[in-house]
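Peer 1: Top to bottom, those sequences are chains A and B.
The numbering of the first sequence is my numbering, which starts it at 28 and goes up by one.
The numbering of the second sequence is my numbering, which starts it at 508 and goes up by one.
Source of the hints: derived by calculation from the structure; they are not laboratory data.
Incorrect hints may appear among the rest.
[Said to hold, decoys possible] Computed beta-carbon distance windows for the label pairs:
1) B:E513 / A:A67: 28 to 36 Å
2) A:D142 / B:G795: 41 to 49 Å
3) A:A44 / B:P992: 43 to 51 Å
4) A:E92 / B:R862: 13 to 21 Å
5) A:D156 / B:P992: 49 to 57 Å
6) A:A44 / B:P942: 29 to 37 Å
7) A:A44 / B:P930: 54 to 62 Å
8) A:R52 / B:V807: 44 to 52 Å
9) B:E513 / A:D156: 17 to 25 Å
10) B:E513 / A:E92: 26 to 34 Å
[Stated by the list, open to error] Some but not every residue of chain B turned toward chain A, in silico, with C-beta under 7 Å:
11) E511
12) V514
13) L518
14) E519
15) A521
16) D522
17) P523
18) V524
19) L668
20) I670
21) F819
22) V995
Virtual Cβ for every residue (Gly too), placed ideally from N, Cα, C.
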Amino acid sequence: MSGGRGSASAECSGEDARFAQLYARCYRPIRAYCSRRVAADAVDDAVAETFLTVWRRLDEVPAGEEALVWTYGVAYRVIGHQWRSTTRRGRLQDRLRSVGLGPVAAADESTVDGDEHRLVLVALSRLGDTDAEVLRLVAWEQLSIADIAAVLGIQPDAARQRLHRARRNLARAYGRLQFLPSSTPDAPTGGAR
Amino acid sequence: VITEDEVMRVLERADPVRLGDATPPVDAAGYLDALRTRSTTVALIDIEPPPPVRPPRRHRRLTITAAIAAAAVVAILGGALVLAARDDPSEPQIPASPTTVAQQPAAAEATARGFVEAWSAFDADRTMASLTDDALAAQWGTEEELRLSLAFLDAVRSKTLNIDCEQRGESAAGILVRCTYDNHVLRSDGLGLGPYSGNYWDLTVRDGQIVLAMQGFDGTDEFSAQLWEPFRRWVTAAYPHHVADMYDGSGWRISEESIRRWEWHVREYITSGAAYAEAGFIGLPPEGATPSTPERGALVDEYHVAQGAYRFAGRARLYADGRLIWRMYLPPGGWSSSTGWLEQRLTPAGVELVRSHATVDEKSPVRLHEWLPASAWDDQQARAFVPVSYAVCLGVVDPNATPESPPMPDPPLEELLDLLPAPAADLLRGREAVPHLPDVEPGPRPCPGLTTEDARLLDTALSDAGFEQDEQTNAYLLEYHVDYPGQVGTRLRIDFEPVFPDGTMDCSACG
Chain A
28 MSGGRGSASA ECSGEDARFA QLYARCYRPI RAYCSRRVAA DAVDDAVAET
78 FLTVWRRLDE VPAGEEALVW TYGVAYRVIG HQWRSTTRRG RLQDRLRSVG
128 LGPVAAADES TVDGDEHRLV LVALSRLGDT DAEVLRLVAW EQLSIADIAA
178 VLGIQPDAAR QRLHRARRNL ARAYGRLQFL PSSTPDAPTG GAR
Chain B
508 VITEDEVMRV LERADPVRLG DATPPVDAAG YLDALRTRST TVALIDIEPP
558 PPVRPPRRHR RLTITAAIAA AAVVAILGGA LVLAARDDPS EPQIPASPTT
608 VAQQPAAAEA TARGFVEAWS AFDADRTMAS LTDDALAAQW GTEEELRLSL
658 AFLDAVRSKT LNIDCEQRGE SAAGILVRCT YDNHVLRSDG LGLGPYSGNY
708 WDLTVRDGQI VLAMQGFDGT DEFSAQLWEP FRRWVTAAYP HHVADMYDGS
758 GWRISEESIR RWEWHVREYI TSGAAYAEAG FIGLPPEGAT PSTPERGALV
808 DEYHVAQGAY RFAGRARLYA DGRLIWRMYL PPGGWSSSTG WLEQRLTPAG
858 VELVRSHATV DEKSPVRLHE WLPASAWDDQ QARAFVPVSY AVCLGVVDPN
908 ATPESPPMPD PPLEELLDLL PAPAADLLRG REAVPHLPDV EPGPRPCPGL
958 TTEDARLLDT ALSDAGFEQD EQTNAYLLEY HVDYPGQVGT RLRIDFEPVF
1008 PDGTMDCSAC G
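Just chain B, same shape as in the assembly (with noise of 0.2 Å):
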């Protein structure tokens, strides 16, 4: 089985040319010379050879140098990993000291701190010289587990902070020291989510070394609920042939392949910005939902997204005041569906940070976290963009044109006017045309103005008057549509817009 997105990055690889980085010669004026002389029989141009083969490049599909025998199944819980199965479920057993030593407790938290860092940096030969064999066999069981569950936090982007090491109390076996630290995972951090807490280690320090490590969770859900199971339902959406390697049960699975597997999907899981799907809405704001504000800000840069080869994959446009307002197709270049409009907060060295960078892919809003610094965010978190106002564009389409079909023009807006409802013609009539971008649909076709409220009551008025809504244009805006007369075939489409802080208007399902 393959998914739609996969066969268009199949498709997308198997374009049978690249443009090499061989600049062709390029010489106008012998082309003009050559335009000037042509006859209808002799060949016009001796140019370029073939575009230069391109180089070779890295393979795509993931490869399994090696397999693991057993493989550590971790189930996670809130952010915190917990080993929750191995080959030898049996207790671990802390040797009795065989003599009476005098602990030091600020030597044990340093031991454990020691560990705890050395876990989180990833650092596995560091780890391991904190722990005793029996220690290491009880936690990971083998020093190539260890190794692996390692490289695969690294890879689901675990990054650990805060750490706190306290003194639980001491028993023959040793002392106990409880590290709580907050964590990041899945590229929470790049998400503006998080970090999350209520993670710890207890760690039983003698001797300089830990002899036993358990690893616990107390804190909230709120991990699950906004990474951990999102991420899973895109997974098992996006790649459903992938779930058996990266899961097991309602855990997470580690081995060689699926670390890849791990590794891969979370970083695509913001880039192609499917983290972001559950962040906004279509169409008008929730009852309640507070406007962005303020009401007025000045627009400093507008720009195309782009993701990977897409380079339209959705607009974002950056305002004077920090804020951010984008939104992305779902998948970029699939146009399945939209992420809404979102909206992050920038600082002002943010804003100008974002401004002045020249890269385009980078500029786009689910790449940022890669570059930009944290601390040009004021509020990373994409959020909802709540408009106050919206547009409402009436046109024309022949959805079956073909490319011989002649262009459709648009009747005047009184005209369309006529073909709705009464209440929702007289909420449009009158109205201010609001603007849009040089480059941005719907063209010249005036787009009257509506308060939120006013929309609401659109909306209504078109829907109780039996105005259609398509499945698939509603993914990406609301938008109502009903049949034109005199053509046979066309269709009136009634487009809801936001209007966004400059007084201008954008097109929801434009490129």
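This is chain A alone, in the form it adopts within the complex (with noise of 0.2 Å):
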């Protein structure tokens, strides 16, 4: 880790370069990723805090393709796991978990697919928080299993058990959540973590 780089100066470099290249390639996956998990008003403080990492630890981005890759992992430690541990715990995680459905239900939607669009998040708030990340980088980030383990940290073997499991779990919730008398989703969210 480069810890003295955020007391630099703003003198011209080639880490500056290659920030900025980082930062044109990866900005708006990194943005739409953390939009997909957080509340609107605390993916900017997302997308700061990963980009500040990606900052403080450019010699260890890897090159070409693998960076977004790489900083898609940053941004789900940043969401999911670093900030739990710092004084902005609350504000985010209290916005983690009331996530609307503004997006979801948005005007362009039939009232069909609103209605699957709510129980399908429904019911992915009901799997495990890593089962429920493997189906969203898998339907929303689009990434392979390679990728998925890359960025969640564990073997690709691990990341494809847990999408055969989670492909499962989430048709059974969904399967579950139709035949209830009511189908009022309680908790939806894309991406409470």
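Both chains come to you apart, so use the hints to assemble them.
Peer 2: Here it is as structure tokens:
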């Protein structure tokens, strides 16, 4: 880790250029990643914390396309792990647990799709944290098994097995919700972890 | 009942964020300034507004805009459509000619050909123009049913080829002309299958009109074995609740709703890789299988196979000699199983077209048929890739590892070989390691290479020693595993990976 970077001078350097490249490449997907998992007013913080880590650990960022996967891994930890042990904990976690359905029930969706989306997000929230994250990474970030394993810091085998289990459990949870007398979601969230 | 694939598709659509078209202002320099002056209590950045609301998109759910009162039920026999049941099952009556008319065979053949061409082009008006009312009523019932049947043929991608019309006889009813033709259906052309022959129309022509149209088939059941039955099995497994809409007994059901389902599923059957599910094999090749030739080949391109939302649905390798070797997960986002490694062959021009194509989505082998000209193929039919040799990779894994678990180092190969039964270890000792491409698992682990014959011996040795196979993993590749001593829960894993013509291996269980 390059702990001194945060106080480096503003002098233009190769590091600046490297960071600028990473930022340009990763900003939008990382922002989307965070937006899928935290409330709207926490997204900026999560993105900022992620890129701060990238800046501080610039030497460790792999080259090429792996950089984005690596940065996803940072964002995963920022949202799900690191922030839990910081002074921001309460602030972020409160919002993590209160993510609404605004974007999901957007006006462009039909009622049927809106219902499906609510149900599937409720079903997702009933899975274990890592299983749900595996599904989000597949469905929303469209990552490969190897990349999912890299983001989560687990073996590809373990990621694959989690995916199998999570898919099965999601279908079951969704099926159960479909047949509830009232399928009104009680804790809908696309990203609560 | 919702399947795992379906719920994943719902989850995809429930994505709370879609990357909009508007490019957010990226100001890395300003961001750096903010980083350098940040304090722990001040918000770092004031950058983008929330991502733009995604634009309205088309509702994916199939909608029924109209329904027909009586659906025509059509049975398929080897690729030809035969009307099997209608509301009025009475035999068609051919009116006798009121006068003796000098029949003109050439003109009759032209009329018959015109009809078949119009029918093949799904041109309902032109088709009906050549039919008498009685002929239309006898074969289709109503104009609406004829239009519906043509819409259905269009939906299932029927393509008629090699129309050949010939007079077969003459009667008071008119001149009987038989028009034979070959056809593609269910996108068989995209799979390199067919065209299927044995189809014909028997058309009775009088006074420039068709007074009776009968469709028949006298070919083999090749279509049924290659496409009809596998497709039905896939629909039944993947969309069990659509079966009743699409099928009626052994035939297909035609309605506006069913047409949409057929169109959607026929396309998905290929693009999802399901159409290739039975072409390959997992693990070692069947005894007597002929290895792919030539043994060596220059790799010119290697890429992830994208499918829909899944950018990592498989991998493809393109060789200068025309071989396109690839595999896909089934389903693409589900990793339930794999097609196994398949091989198709392109012409030199086809290799260049694929290699230089910029759109990764379209380079997917399951989408090449959508844009690659037929002339670019030397052999479009996907067949199992039979390697000459195998790489055997040994590693230690913890299936229950969590994100907090420390990475598990791979012990030296010799240490792992000591855990194998002696005949197995002897087969692997002293073998040259097979290289892999830089971005391919299993990372730095050495993977000794074995001929296919020796790989079979190793397979037997491990099996005889009681090493286990996992049903789930063995849906992608041949793998054995056994408890790894010293660490509870960890397993020694032995993977068999095919060696490709460029001498490298891949990871059959990686995205």
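Peer 1: Decide, hint by hint, whether the structure agrees.
Peer 2: Verification of the supplied hints:
no., hint, in the structure
1, B:E513 / A:A67: 28 to 36 Å, "holds, 29 Å"
2, A:D142 / B:G795: 41 to 49 Å, "violated, 54 Å"
3, A:A44 / B:P992: 43 to 51 Å, "holds, 50 Å"
4, A:E92 / B:R862: 13 to 21 Å, "holds, 19 Å"
5, A:D156 / B:P992: 49 to 57 Å, "violated, 32 Å"
6, A:A44 / B:P942: 29 to 37 Å, "holds, 33 Å"
7, A:A44 / B:P930: 54 to 62 Å, "holds, 57 Å"
8, A:R52 / B:V807: 44 to 52 Å, "violated, 27 Å"
9, B:E513 / A:D156: 17 to 25 Å, "holds, 24 Å"
10, B:E513 / A:E92: 26 to 34 Å, "holds, 30 Å"
11, E511, "holds, 4 Å"
12, V514, "holds, 5 Å"
13, L518, "holds, 4 Å"
14, E519, "holds, 5 Å"
15, A521, "holds, 4 Å"
16, D522, "holds, 5 Å"
17, P523, "holds, 4 Å"
18, V524, "holds, 4 Å"
19, L668, "violated, 39 Å"
20, I670, "violated, 44 Å"
21, F819, "holds, 3 Å"
22, V995, "violated, 16 Å"
Hint compliance for this structure: hints 2, 5, 8, 19, 20 and 22 are broken, all remaining hints hold.
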